[in-house]
Structures are given as structure tokens and as C-alpha cells.
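**Student:** If you read the sequences in order, they're chains A and B.
Per my numbering, the very first residue in the first sequence carries number 3; after that it's consecutive.
Per my numbering, the very first residue in the second sequence carries number 240; after that it's consecutive.
One should not assume that every hint holds.
[As the list claims (entries may be wrong)] Here are a few chain B residues that face chain A, going by a calculated C-beta distance under 10 Å:
1) N304
2) D308
3) T309
4) C313
5) R314
6) G317
7) V334
8) P335
9) L336
10) V343
11) P347
12) F350
13) Y360
14) G361
15) I364
16) R414
Note that these hints are calculated values from the structure, not bench results.
C-beta: ideal position from N, C-alpha, C; glycine also.
Below are the chains, spelled out letter by letter.
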Amino acid sequence: MTLSTLLILLVAIGVAFYFAGNMTVKTARSKGKVFHSLPNYYGLWAGSLAFFPAVVVLILWSIIDIQLFQSWVRDFYPPEILAAGGSQAIVALAKVENIVAGIRFGEPEAWVLQAGEAWIGWAATSTMLKSAVVLGLATVCGLIAYRQIDTDFRARNGVEKLISYGLIAASTIAILTTIGIVLSVLFETIRFFQLVPPTDFIFGTEWNPQFEGAERAGSGGGEAKYGMLPMFAGTLLISAIAIIVAVPVGLASAVYLAEYASPKVRSTVKPLLEILAGVPTVVYGFFAALTVAPAIKGFGESLGLTVASESALAAGLVMGVMIIPFVSSLSDDVINAVPQSLRDAAYGLGSTKSETTRQVVLPAALPGIVAAVILAVSRAVGETMIVVMAAGLAANLSFNPLDAVTTVTSQIVTILVGDQEFESAKTLSAFALSTMLIILTLGLNFFALQIVKKYREQYD
Amino acid sequence: MENSNIKTTGNVFVDNPRMTARNVDVYYGDKHAIKDVTIDIGEQEVIAFIGPSGCGKSTFLRTLNRMNDTIDICRVEGTISLDGEDIYAPSVDVVPLRARVGMVFQKPNPFPKSIYDNIAYGPRIHGLTKSKSELDDIVESALEKAGLWNEVKDRLDQPGTGLSGGQQQRLCIARAIAVSPEVILMDEPCSALDPIATAKVEELIEELKSQYTIVIVTHSMQQAARVSDRTAYFHLGDLIEVGNTEQIFTNPSHQLTQDYITGRFG
Ligand SMILES: Nc1ncnc2c1ncn2[C@@H]1O[C@H](COP(=O)(O)OP(=O)(O)OP(=O)(O)O)[C@@H](O)[C@H]1O
Ligand SMILES: [Mg+2]
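Please take these sequences and the hints and turn them into a complete structure.
**Tutor:** This is the structure:
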């Protein structure tokens, strides 16, 4: 039985128990029995208990059995492959899996064929067992739930519990995924640190992974350089430029929208500003590369400055424009959350509008505004596309906004696009960079959330 | 409203008026919220505005220091004067006006700043002081007058929002006093307070009466009877009756006033 047939059968069993529970209670009620909950809840109780445990078992089984086969099949590998380990074993596994899937290239080795056959046999047994167990479980659980139906049984409270478990499960998935991503990046990072000492990476001022091939070939060691500082300097430089653009403009437009604009203006301008947030970053990227960067170069050279054709300034300016809506929209929300009574108090004492805004509204909204800015910063730090297109890829350790620089994200992209060797320090360095980036943005977000929390306490 | 020109019963005029309102109409868009109200507010008196909910007490109160300017759709007609000067004249600046006619709101609304900064806010924006010690004196005397000094003198640097509700309201009164207003408008200043805090605020009003003119909106007739010298009864935007508080509560002339006082509605 395939996975989809099994699923369909499970749904059918669940629905059947739903109707059974529902109808049983309905008929009993029509005979004058008084139940704790509405019939619907008894149906939901029986149906859910039939369906969900079985589905969970089905999913777990399907994940685990493949893992098991993969480890069992190693018994068939010739000893030299096992001894070599690493990529050899991966290739061997791929060969076996091809046989299982019915794909043959030329004449496979005998052990591959044997392993394939064994695998097919295991899979058949597993599927049969799985179908039996899952369908059996659904029926048994459904029956148990159905037997519970009674005038005193509190199906409504039971269903309420099930719903809360469901919600917990959903949020757990999100959390587990995040943890999974972080862990996988972390493991690769550890492998990278086995090749390159962490201190060289963290404090190194030169970034030049391209020489790795030469190093491996044994000609001239130590030429590949894995110092992360140039990229973090680039990230900081570009983010700083972006913030210098976005904070004043975003904050001013938030103040205008929240305090000065008539409701009509507000209801048209606010969505317009938010459209800015919806423009794909690649569009900003070519705007930066094709329009802004040449304009800056032309202008700078007319002043007698040397300007790289791809400059941190161009990328930073455009990124600043990109994050304006983050700042303005979030700030607008927190400014609006400042109670009207505070404004009344200030006006009542004779403040003008701008005095009220500056001395009462903005200080009251400040923690929220800071949080908005920090979220915008972490957005800027993580932004890739604009930098790849407009700031260049040169890993210069420079704080001159007219130079070409590169950022952490755009280096990760450069390292990982195209063909790569998975084992090389160059590829692994991308993971190390990611770890550092995650630490940076997580730190920023954590900081922002702390501030938001403090702000909430003030007005609740 | 069946007839918008109900004549006000009782004596709306006083010998030494601080503020005068003549034929005042207030509109919110098309809604006629205050209808042809004429009344004097005397020097150093406490006058109470009473009436059923929605009758326009707050609206009329807010016209007295032009707080209505902050509401876009609000329009005021007629003349309102402070010491003989029309406060709605084009040449009048609302900033000093609101310093002269202060306001205390229904819900205590201290700024999320320190107690000291709450009181110092008004003097600072109006540039009333030249030195820090002068400002300290103003803060102390305002808190003294509001009867709050002894409770907060050791914690002036702590946030005003950390005080109890009653203390917050007295802080707001102190904040209004700090700019030395001539008139203080209070819109249901005790409605968010418990009986003990209410008693304290009422005591305070009693004391402030010697220096300030006070207009108080209240839903509590006992409170109006306790603190006010004169009482004005509003009904659906009309000023129905004005008179000495004692007379209004013991011997109202108008049928509507009597119905309200005796609790037949409202
Ligand atoms: N901002 C506003 N916009 C439109 N109409 C308003 C506004 N404020 C008040 N009104 C209307 O004006 C009338 C008078 O309102 P006001 O707040 O002055 O009543 P009130 O006597 O203070 O009532 P309460 O005792 O409930 O505070 C009401 O009908 C109210 O709906
Ligand atoms: Mg009111």
C-alpha cells in the first residue's frame, strides 16, 4: 500500500468515527438522554483519536525505516569502501538506491545488486507491517474513544485539549526547524574550525579563499586566507550607511503619518510606503548597480575623488531606502500606541504640536522605536542581493564608503554558487560565516525583543 | 432637538466674572453639541457642570481653553472671554492661553517621566524659570499645594506612573498648578478614584479655591454639592439652569433640573 492510499484510508476511518460518534449521541439525545457536550464534540473526539495518533506513527515510521535500511545496507559494502569512508560510502549508497529505484547504469557490481534486492525486500515487509500497524492503531484508538462516549463524558473539554496540543505541535515544528538549521550550520562550522583555527578566522584581516586549490596541490602553502574581518567591516559599513538614511527619513515619515497627517492622507500614504517593502530586493539591486552607483561615481569624480564603480555608498543608500518602510511602519504603530491622554495632557499645558511630539510622544514611544530600528538593522545585515549587485565582491578591509567592499552574505553566496567541493575549507568557510551572521542577527533580534517587552510593561 | 432655544433659568451672570461665554454654539461636523449657551464664571469660585451623559459638559469645558482645537471637525461659534479678552480672536495664541486656563482630565495622565519632570514640564516649555533652583521651588510649591509633597519628596526622580491612582491625579493637578493658571478646568477628576482618594482631591479643591477659579464637571451630585459654589445643569446641549449650588439642590426652578436631581433619569 502506498503512502497516499494509507493516508486516504486513515482520513476515511477518522471521518467514519466522527459520524459514528456524532450519530450515536444524536440518537441518544433524541431519546431524551442528556449529554455533557453537543453531539459534534463526541464525533470530533472519536474521529481525532482515530486519525491523529495513527498519522503520527505513519510519519515517524516512514522517516525511520529509510534510516534503518541505510545502515543495514552497509553490511553488503566491500570492506575497502567501508575502510575508505567519506565520499566513497556516499557513492556506494547512491548506487544501491538507484537499483532500488529501478535505474541501472551499465552493469552494476554483484554486491550492489544483492544489496538492492535486500533493500527491496525490507521495504516490502516494512510497508506491509506499517499498513497493518497504522490501520490497526486507527481502529483501536477510534474504538476506545467511541466506547468512552457517555452522558457524563466531557467531550467538549477533551476536544479543547486536543486543539491545544495541535497548536503546540505546530509551533514546535517552527522551533525545531530553526534549531535544525542552526545545528546543521554549526556542525559544518566545527568542521571548518578543524581546518582553519578559529582565531585566524575571527581576527584575520585578509580574505582570500581562492588559493585553496594551489595549497592542496602542495605548491606554496598558506596562501588561502580566511579572515572574516573584511566582510564584517563591509557589512557594518553598508548597514551604517543604510541606517543613516533610513532612520531619519523613516522616523520623520512615521511622525508625519501618526501626528500630522489627516486620516485621509494617512490611509493612502501608509500603504504606499509599505509597497516599498514589497519590492523584490533584486529590483533594488539593479537600481543600485545601474543607476545609483554610476551616478555616485560620476558625481564623485567631478569633485576629483576616486570612486570605485561599485561602491559601499551606492549599496548602503539603496538599502537604506529599502528599510525605510520597516522603520516608518513599525514606528508609526508604536507612536499610535501612545495614549491620546498623554497628548491631551501636553496640549492642556500649552504645548505646541511639535513640542508635544518631541517631548512627550517620542520619549514615550522611544523603546518601540529603538526596537523598530534594531529590526531594520538586522534586516540590513542579512540583505544580500543589493550588495552582490552594487557593492562588488572585493574583500577590502576599508571604511571608505567610496570603495568597493563586500559583505558576509554576499561572500556566502559567492562561495556556494556553482560547483563546489563539499569537503574543502573554502566551502566550509561559508558555514562559519553563516554562524557568525546568525549570532549577530539573533543578538540584534534578542536585544530588540527585550526592549519591546520593557515597552509593553509600561502601558499594559 | 425639538426646540433649540431653551431659555436658561436662574442667574447666569456674576458681579466679578473671570470668564464669560456669550451665545456659544459648538458643532461636531453636523452635530450641534452645545446650543446657545451664555454663562459667567466668577473670580475664585468653584462652579460645577452637571447633567446626563452626552449632554455636552466636557465639550463646553473644552471650549474654555480651546482644547477643542485639537479635534478637526469641531467648530465653535459665539464669544468666550478671559478677563474681558476674546480667546477665539484670531490674534490669540493658544499656548499662553492654555497656561492661563489649565486642565485636569478624567483619567490621571502623568507623563512617563519622573515626578519632578512631570511638574517641571509646563514651567520649562513656557520658560517660566531662569535657574534650576527657581524650578525646584516651583516644583516643591506645586506639590505642596496639591498636598503631595510629603508623600513624594523622597522619590522625585521616580516615574510618575508608579504612583497610586489618587496620587497620580493629584500629580496632574500639581502639574496644572505649576504654570500658575488663573482658571483650572477639571473633567470628572475623581471618576477613576476610590472614595478616600476622592475625598483628598475634594479637600484639595476646597483649598485651591482661594487662589484659582475652578470649573469642575462631575457625575456625582454629592460631589457637586460638597465642593461647588454655583452649579450649572446641562441637558442635550442646552444650559437649563444655573444657580447657587444650595438652591439648585434644594429648590431647583426648572422641571428638567428637578427630574435630574431627584434621580428620575440620568
Ligand atoms: N470628538 C467628537 N466627535 C464627534 N462628536 C463628539 C465628539 N466628542 C463629543 N461628541 C458628541 O458631543 C456630545 C456631547 O459630548 P460630551 O463628551 O461633551 O458629553 P458629556 O456631557 O461630557 O458626557 P459624559 O458625561 O458621558 O462625559 C455627545 O453627543 C457626543 O457624542
Ligand atoms: Mg465628559
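**Student:** Decide, hint by hint, whether the structure agrees.
**Tutor:** Going down the list of hints, with the structure as the test:
1. N304: For N304 (chain B), the interface hint holds, since the closest Cβ of chain A sits about 7 Å away, which is under 10 Å.
2. D308: 8 Å, holds
3. T309: Constraint on T309 (chain B) satisfied, holds at 6 Å.
4. C313: Cβ of C313 (chain B) sits 13 Å from chain A, so the hint is violated.
5. R314: 16 Å, violated
6. G317: Violated: closest Cβ of chain A sits about 22 Å from G317 (chain B), beyond 10 Å.
7. V334: Since the shortest Cβ distance to chain A is 5 Å, the answer is holds.
8. P335: At about 7 Å, which falls below the 10 Å cut-off, the nearest Cβ of chain A leaves the hint on P335 (chain B) intact, so it holds.
9. L336: Holds: closest Cβ of chain A sits about 7 Å from L336 (chain B), inside 10 Å.
10. V343: Result: holds, 8 Å to nearest chain A Cβ.
11. P347: 9 Å, holds
12. F350: 6 Å, holds
13. Y360: For Y360 (chain B), the interface hint holds, since the closest Cβ of chain A sits about 6 Å away, which is under 10 Å.
14. G361: Interface hint status for G361 (chain B): holds (4 Å vs cutoff 10 Å).
15. I364: 6 Å, holds
16. R414: 7 Å, holds
Consistency with the previously given hints fails for numbers 4, 5, 6, ordered from lowest to highest.
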